[in-house]
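Residue numbers (our numbering), protein chains in the order written: chain Z, 23 to 357; chain V, 23 to 357.
Derived by calculation from the structure, the hints in this document are not laboratory data. These numbers were taken from a predicted model, which means no experiment stands behind them. Hints should not be assumed to be uniformly reliable.
Mimicking BS3-like on lysine-lysine, the simulated pairs with C-alpha atoms at most 25 angstroms apart in a straight line are [unchecked claim]:
id	chain 1	residue 1	chain 2	residue 2
1	V	Lys134	V	Lys187
2	V	Lys268	Z	Lys134
3	V	Lys134	Z	Lys134
4	V	Lys223	Z	Lys268
5	V	Lys78	V	Lys340
6	V	Lys268	V	Lys187
7	Z	Lys78	Z	Lys342
8	V	Lys330	V	Lys340
9	Z	Lys187	Z	Lys294
10	V	Lys294	Z	Lys134
11	V	Lys223	V	Lys187
12	Z	Lys134	Z	Lys268
13	V	Lys134	Z	Lys187
14	Z	Lys342	Z	Lys187
15	V	Lys134	V	Lys223
16	Z	Lys223	Z	Lys330
17	V	Lys134	Z	Lys294
18	V	Lys187	Z	Lys134
19	V	Lys223	V	Lys330
20	Z	Lys44	Z	Lys330
21	Z	Lys311	Z	Lys294
2 protein chains.
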Amino acid sequence: MAVVLPFEPNEPSIEALVGLVKADMDRVNAAILARTGSDVAMIPEVANHLISSGGKRLRPMLTLACAALSGYEGDGHVKLAASVEFMHTATLLHDDVVDESDMRRGKLAARKLWGNEASVLVGDFLLGQAFRMMVEVGSLTCLDILSNAACVIAEGEVMQLSAAKNTETTEDDYLAVIRGKTAELFAAACEVGAVLGQRPKAEQSACRSYGMNLGIAFQLVDDALDYGGSQAKLGKNVGDDFREGKLTLPVILAFRRGDQAERAFWQKCLEKGEADATDLDRAIGLLAKHRAIVDTVERARHYGAIAKDALALFPASKAKDALMEAVDFSLSRAH
Amino acid sequence: MAVVLPFEPNEPSIEALVGLVKADMDRVNAAILARTGSDVAMIPEVANHLISSGGKRLRPMLTLACAALSGYEGDGHVKLAASVEFMHTATLLHDDVVDESDMRRGKLAARKLWGNEASVLVGDFLLGQAFRMMVEVGSLTCLDILSNAACVIAEGEVMQLSAAKNTETTEDDYLAVIRGKTAELFAAACEVGAVLGQRPKAEQSACRSYGMNLGIAFQLVDDALDYGGSQAKLGKNVGDDFREGKLTLPVILAFRRGDQAERAFWQKCLEKGEADATDLDRAIGLLAKHRAIVDTVERARHYGAIAKDALALFPASKAKDALMEAVDFSLSRAH
Numbered sequence: 023m024a025v026v027l028p029f030e031p032n033e034p035s036i037e038a039l040v041g042l043v044k045a046d047m048d049r050v051n052a053a054i055l056a057r058t059g060s061d062v063a064m065i066p067e068v069a070n071h072l073i074s075s076g077g078k079r080l081r082p083m084l085t086l087a088c089a090a091l092s093g094y095e096g097d098g099h100v101k102l103a104a105s106v107e108f109m110h111t112a113t114l115l116h117d118d119v120v121d122e123s124d125m126r127r128g129k130l131a132a133r134k135l136w137g138n139e140a141s142v143l144v145g146d147f148l149l150g151q152a153f154r155m156m157v158e159v160g161s162l163t164c165l166d167i168l169s170n171a172a173c174v175i176a177e178g179e180v181m182q183l184s185a186a187k188n189t190e191t192t193e194d195d196y197l198a199v200i201r202g203k204t205a206e207l208f209a210a211a212c213e214v215g216a217v218l219g220q221r222p223k224a225e226q227s228a229c230r231s232y233g234m235n236l237g238i239a240f241q242l243v244d245d246a247l248d249y250g251g252s253q254a255k256l257g258k259n260v261g262d263d264f265r266e267g268k269l270t271l272p273v274i275l276a277f278r279r280g281d282q283a284e285r286a287f288w289q290k291c292l293e294k295g296e297a298d299a300t301d302l303d304r305a306i307g308l309l310a311k312h313r314a315i316v317d318t319v320e321r322a323r324h325y326g327a328i329a330k331d332a333l334a335l336f337p338a339s340k341a342k343d344a345l346m347e348a349v350d351f352s353l354s355r356a357h
Numbered sequence: 023m024a025v026v027l028p029f030e031p032n033e034p035s036i037e038a039l040v041g042l043v044k045a046d047m048d049r050v051n052a053a054i055l056a057r058t059g060s061d062v063a064m065i066p067e068v069a070n071h072l073i074s075s076g077g078k079r080l081r082p083m084l085t086l087a088c089a090a091l092s093g094y095e096g097d098g099h100v101k102l103a104a105s106v107e108f109m110h111t112a113t114l115l116h117d118d119v120v121d122e123s124d125m126r127r128g129k130l131a132a133r134k135l136w137g138n139e140a141s142v143l144v145g146d147f148l149l150g151q152a153f154r155m156m157v158e159v160g161s162l163t164c165l166d167i168l169s170n171a172a173c174v175i176a177e178g179e180v181m182q183l184s185a186a187k188n189t190e191t192t193e194d195d196y197l198a199v200i201r202g203k204t205a206e207l208f209a210a211a212c213e214v215g216a217v218l219g220q221r222p223k224a225e226q227s228a229c230r231s232y233g234m235n236l237g238i239a240f241q242l243v244d245d246a247l248d249y250g251g252s253q254a255k256l257g258k259n260v261g262d263d264f265r266e267g268k269l270t271l272p273v274i275l276a277f278r279r280g281d282q283a284e285r286a287f288w289q290k291c292l293e294k295g296e297a298d299a300t301d302l303d304r305a306i307g308l309l310a311k312h313r314a315i316v317d318t319v320e321r322a323r324h325y326g327a328i329a330k331d332a333l334a335l336f337p338a339s340k341a342k343d344a345l346m347e348a349v350d351f352s353l354s355r356a357h
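Go ahead and model the full structure; you've got the sequences and the hints to work with.
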């Protein structure tokens, strides 16, 4: 008699990571809740709208897991993990204003409910709180890493602005954008965990490299999903990048591999912003024709492999296993 | 024979302060220029548009002067002063998006030239650079003061959002707003100067109190000028606050002192946003009738007096004289 399995047993999962950091994450979540508090009522309202909307909190989990990997036994990782999540949340609030997004994590974007003003200012407040928590931890090295990340993230976002609507963007240009806007915070989140553990420089660098490459892989899979994932999985609409004229890797590949007529189509849609209702379907057709989604995921696998190799110098441990599987999980989202 | 004097010799001036910190300010300006640098060309473009547009740089001068007042002989005050100016610049860039301003310091606002996106992101970059410089100085106490200020500033701005277009705003509500959005950074700028000098806590608090009360006075005079200064002096248009529906102290006083019909007028203009071309003149007339501008400046004098008394525990010095005169100068802008 055939048994219907409720899940695919070999499917990589984030559960090992979630389980590893469970107790610490409860404390991180408590810190997040406490630090969005303010006498100014609009601040917790706006912040919690986004924070409670079920992000995976992958970044703070990485800080906690890298602290565990490094044998850290103190308390600072909880506040640093909360800082990392606040930096991420601030970026999302500001991104929504920059992208004029209507949706975020399957809910109306804060800017649609409270206006651009509130998104900008509550983002600034969270960034300030992130730095306050870092200061409380008291590690100047961690402060250096995370304040540097704040600059690099903003640089990546500005680069993305300049690249938007520009079909001349190369794969290398694009990689520079996502290293900044996404991967740098993954890298910093991992690095500070190892710094707290006072590991040798080589191990700190290994954690940073793991985070950087995982972050690149993660963003590339996101970009692929934007043209083919389900809305539920994405928490935004399929084709958002297309409508916003974002030159992501799938488009960069299809543009380069296409003929004159196809390039004119991409230019019409993305540079001139003249896409009509049927153009998203045509775009998805062209991406399939040129294997642009498949190859974007292939590129993601490449960075995923680098991330896993970066951890090779650590001996076997539950933390290492969980971090390795987190890479596979990130890649598997593409299926 | 009568002599025509080219200036009023007893007019208080900012020149003593400017002279006191001249050599240090050259280094601050060099740091500011260096730290707006980025391979991403849009960042220095946007940042320098605002930075080079001739703000007085009062806040960094206060940091330098309070360091001098405290006998500090190190190097950290230069980077902290540049950090303070970057925090201020980031706030201005974000404010322009929040207020939908067209003008800033007599030039087109950055958001009009490069878009809201660039103003948000370059503001974030400058905030990141501010924290990087603070980290380089390495004083956790100063980091604590300035990261706390970043939160309080954002809170003040959000409070202002909630108070905007609301004629029920009291004078106390309004004071809470300007303590946050303006005076906190003045206070922090002064306090970190004294912290660097490792002065006793009482002197650090005195510098903080000086900055806080000077900041309140400064903002109140600004609010008065918005209804009567010259455009050249303001760097923005007379009546901007009125058009944006901002409840500043002059309006709060006139509203409370007015009759039913006058209150209905303020509500129409500020709450419903239905002011027409002649309404600014009527508003200015009502402010005059109720002595609202005169009394706003009177309130500013009150805070200015507290600022000066705060410095009483310091012995006479050039730095003290310059700081005392800076208060009188700030008040004299109202004439």
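Hints, one by one, checked against the model:
| no. | hint | verdict |
| --- | --- | --- |
| 1 | Lys134(V) x Lys187(V) | holds, 24 angstroms |
| 2 | Lys268(V) x Lys134(Z) | holds, 22 angstroms |
| 3 | Lys134(V) x Lys134(Z) | holds, 22 angstroms |
| 4 | Lys223(V) x Lys268(Z) | violated, 53 angstroms |
| 5 | Lys78(V) x Lys340(V) | holds, 20 angstroms |
| 6 | Lys268(V) x Lys187(V) | holds, 6 angstroms |
| 7 | Lys78(Z) x Lys342(Z) | holds, 19 angstroms |
| 8 | Lys330(V) x Lys340(V) | holds, 14 angstroms |
| 9 | Lys187(Z) x Lys294(Z) | holds, 8 angstroms |
| 10 | Lys294(V) x Lys134(Z) | holds, 21 angstroms |
| 11 | Lys223(V) x Lys187(V) | violated, 41 angstroms |
| 12 | Lys134(Z) x Lys268(Z) | holds, 21 angstroms |
| 13 | Lys134(V) x Lys187(Z) | holds, 19 angstroms |
| 14 | Lys342(Z) x Lys187(Z) | violated, 40 angstroms |
| 15 | Lys134(V) x Lys223(V) | violated, 45 angstroms |
| 16 | Lys223(Z) x Lys330(Z) | holds, 18 angstroms |
| 17 | Lys134(V) x Lys294(Z) | holds, 21 angstroms |
| 18 | Lys187(V) x Lys134(Z) | holds, 19 angstroms |
| 19 | Lys223(V) x Lys330(V) | holds, 18 angstroms |
| 20 | Lys44(Z) x Lys330(Z) | holds, 22 angstroms |
| 21 | Lys311(Z) x Lys294(Z) | holds, 23 angstroms |
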